[in-house]
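Q: Given next are the chains, with one letter for each unit.
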Amino acid sequence: MPAQTRTVSSIFFNMEKLLLRQTPRLAQALLGIRWSFAWPKPSIRRELIEYSFPLGPVPFEDDLLSQTGVRLISHNEDKDSVRRHLALGRDTIIAVDSFLLPYRPAFGRVHSHRTLIVRACDKPGEVWVDDAWPPSFQGALSWTVIENARYSPVTLDPGREPIFAGRPINGEWFSVDLDWFPILDAADWATRLLQRIFLRANTITADERGEYGLTAMKSFIRELTVAAGASPSERFRFFREASLLLRTELSARVYFCALLRAASVWLKDPQLKLEANEYYSSLRHMESARDVLTKSLRQFRAVYSDYLLACLRLSLAAEERLGTYLSRYSTGFTN
Amino acid sequence: MRYFLIDLSSLHNAAGATFDFERNHGGVNAWGNSFPAEEIPFGQTLTVADIPFRLPVKDGKFDHLEALGQTIELAQTSPAIGLALLCFGEMGDQEIELTVVFSDGHEKHLQVRANVWLADNSQPAEVTGFTCSHLHYPGDYELSYLRPTLWCHRVDWTPAAIVVRMHLGMNPLFHIFAATSLHEGSDQ
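Going down the list, the protein sequences come from chains Y and V. For the record, in the first sequence the residue sitting at position 89 is 89 according to the working numbering, with numbers rising by one throughout. To convert a position in the second sequence, counted from 1, into the working numbering, add 335.
Since the hints were made in silico from the structure, they are not lab data. Careful, some of the hints might be misleading.
[Said to hold, decoys possible] Some chain Y residues near chain V, calculated using beta-carbon distances under 8 Å: (1) A106; (2) P134; (3) E161; (4) L199; (5) D291; (6) T294; (7) K295; (8) Y304.
Each residue gets a CB set at the ideal place from its N, CA and C atoms; glycine is no exception.
Modelling step: build the complete structure from the supplied sequences, incorporating the hints.
A: Written as C-alpha cells, this is what we have:
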C-alpha cells in the first residue's frame, strides 16, 4: 500500500482482521470487490451508521460470497446466537455502544456506535475483546458487560457525538468465514472480477433503493449543493448522512485498490498498479469532503460549500479516469 | 537567523482555544474540542523549534485562521529565505498550497503540511510542536486520552528575496495560529 494511510470503517477493519487469519495474502484484495458509488433514497440514508456496508443493486454480502467465497453474514436471530457462535471457537464481530464499555475514555459520557471483535476465552463468564478503535484495547471482559453494550438506543447528542450515533443497536453481530473457493487461474479470475465490477459500476444506474455509479455521484453532488443552502436542521441531517455515506464508500475503495494491485500482478499489467496508486492518492479528495462534512455538523460556513464541491468534482474525475482504464477489461463479459 | 513575526489578527476567522469557564464554546472540530487557553501564551512570543511566533491577544471570539484562500500582505524590506507556520491539521494531517509572491513579481508555489493536532497522551512531545497538557471538551467532562499540539512547519527557498504577499490555499481543516518569515543574518 502507498505511504498515505486511509481510515476505513470498523466493520471493514475487523473483517480484514478476521480474514487475515484465514488467508494472510489475499484478505485485503478479497474485500475489494465493490467499486461503483451508491446514492440511496432518503429512507435508506437515514439508516446509515458507522459500520454500514456499501450499497448496491446486489447486496454486498451476496457479491462477496459469489465472487470470492467470503461468507459475511449479519445476524440478529436471538440473544444467545452470538454465544453459541463463540462457543464454537469462532471470532465474532459485534456492534457496541462505547458509552457502555468500561475501558473506553468516553464510558458513561458519550454514546457512539461501532464494531469490535470478541472471542471465547478460558475463564467462564468472560470473553476476549479486540477493540482497534483508538485507544485500542485487548483483554478479557465480563460477558455481562459486553452483552449490555450490545443493546442501546445510542442517543444522538449533536454537541458530544454528532456523527457516530443516532440509531439504536439491538444485538446485531457478524460472522466472517472463507468458503472453499478454488482459484485455479488467478489471471482469469481477476479478469472476470474486473469485468463484473466495471459492468456493475457502469450499467445498473437505479433501482427502488437508489442510484448507482457515476450517475449517482453526480446526483449526490447536485443534492449537496442544494442542501448547503437549506435550513440548519436540514443541512445537518443531509451532511451527517453524506459523511457516513462517504465513510462507507471510501472504505470499499481502499480495499478495491488492494484488489487492483493484486490483479496487476496476476494479469501482468503494471500500468494497472500505477492507475491503482494514482486512484488511491486521489481518494484524499473524497476523504477531505467526508471530513469537512463532519466538521460542518458543528460549524458551517458558506465557503465550505465551494470546497466540498471542488473535492467531489475531483473525486468524480478520478472515478472517470479509472473507469476509462478499466474499460479494457469489460469487453466480452456477459453476466 | 533573523525573524519577522507576521501579524495575522486581521485574518482571524476561527476559535481554537477556550478558557476553562467557556469550554462549551469550543469548536475546532465537530466534537467541540479546543486548546486550553490557559496554557497558550496569547499576546506573547512562543518559541517552537527555535523559531519565535507572535501569538495574538485573546480578546475576542477568534484567535487563529482556517485556510480559506486568504491573502497575507507583507511590508518587508529584507530578503526572506523561508517561512514558518505555527499550525495544525484537523481530522488528520492536512496540506495547502501556499503561493509566495516576491517583489520582482515572480512566485513560488509551495505545498505546506500541518500535522494532526491530536495525539494520544502516551506519545512523547516533539521539539517541533507545542503540546498542551489536556484537551478541552464541551460540557461537564474531560477525557484524558488525547492532547492537542501546535506544530511548527517550515518551508525554505532560494535565492533569498523580498516577499510582498502570500496566498493561502483552501482547506478548512488546515489551521494557522501564527507565521514568521525567516531572514539571513543575526540579531544584534
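Q: Against this structure, judge whether each hint is valid.
A: Hint check results:
{"no.": "1", "hint": "A106", "result": "holds, 6 Å"}
{"no.": "2", "hint": "P134", "result": "holds, 7 Å"}
{"no.": "3", "hint": "E161", "result": "holds, 7 Å"}
{"no.": "4", "hint": "L199", "result": "violated, 34 Å"}
{"no.": "5", "hint": "D291", "result": "holds, 4 Å"}
{"no.": "6", "hint": "T294", "result": "holds, 5 Å"}
{"no.": "7", "hint": "K295", "result": "holds, 5 Å"}
{"no.": "8", "hint": "Y304", "result": "holds, 6 Å"}
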